[in-house]
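**Student:** Chains as they are written, first to last, in our numbering: chain A, 2 to 116; chain B, 2 to 114.
Simulated from the structure, these hints should not be mistaken for lab results.
Where hints are given, some of them may not hold.
Example chain A residues on the side facing chain B (calculated, C-beta under 8 Å, incomplete) [claimed, not checked]:
1) P13
2) F35
3) F91
Ideal placement from N, C-alpha and C gives every residue a C-beta, glycine not left out.
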Amino acid sequence: AQSVTQLDSQVPVFEEAPVELRCNYSSSVSVYLFWYVQYPNQGLQLLLKYLSGSTLVKGINGFEAEFNKSQTSFHLRKPSVHISDTAEYFCAVSGPDNYGQNFVFGPGTRLSVLP
Amino acid sequence: NAGVTQTPKFQVLKTGQSMTLQCAQDMNHNSMYWYRQDPGMGLRLIYYSASEGTTDKGEVPNGYNVSRLNKREFSLRLESAAPSQTSVYFCASSEWGPRTPLHFGNGTRLTVT
Numbered sequence: 002a003q004s005v006t007q008l009d010s011q012v013p014v015f016e017e018a019p020v021e022l023r024c025n026y027s028s029s030v031s032v033y034l035f036w037y038v039q040y041p042n043q044g045l046q047l048l049l050k051y052l053s054g055s056t057l058v059k060g061i062n063g064f065e066a067e068f069n070k071s072q073t074s075f076h077l078r079k080p081s082v083h084i085s086d087t088a089e090y091f092c093a094v095s096g097p098d099n100y101g102q103n104f105v106f107g108p109g110t111r112l113s114v115l116p
Numbered sequence: 002n003a004g005v006t007q008t009p010k011f012q013v014l015k016t017g018q019s020m021t022l023q024c025a026q027d028m029n030h031n032s033m034y035w036y037r038q039d040p041g042m043g044l045r046l047i048y049y050s051a052s053e054g055t056t057d058k059g060e061v062p063n064g065y066n067v068s069r070l071n072k073r074e075f076s077l078r079l080e081s082a083a084p085s086q087t088s089v090y091f092c093a094s095s096e097w098g099p100r101t102p103l104h105f106g107n108g109t110r111l112t113v114t
């Protein structure tokens, strides 16, 4: 079975500072990895995804993430955050088995960008 | 571009009452899902429908039923609501399989008193 750990439940950071949101997963098979963002009172939106190939993936709003197979990690980074990045961020993993039950989500990290 | 539309946005029920949450997608996606979101627990899968005509249980199916009415619509029914079902419910859809990302609706906030 797959699982996802997001080590930080809350991350406060000042505007224009860099940020890294951590995600680790466990799986006995190859995985596909996703980061989603949830703004207040909205559904989740896809930020970026890793399916195969280059381990550094770029997403929307200046975010990027690096897949590290040996460390089973998929950390999300942004070099300079804006107030508008304040939201909750979810890491998710899926695998090549039967679909539907394979999207396992982490508990989320609440990013607060301070002026 | 509507994407995934959920109704209602908010609902308050008394214990024992029933209700149906509606979901429709206009992206011609094959697969549809119902999740619940609770603080500190991420999203947990209630039921999913891999394709029109099929439904399967997810991680937390007890107390819920679903209907895949057609390719566009996937409803979630609470037959006898309980306080433990107080949550935010999200419908999602995807093209097919674990490589395709989920597209989410804006959620239904349900309170059971």
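**Student:** Output the numbers, in ascending order, of every earlier hint that fails for this structure.
**Tutor:** Failing hint: just 1.
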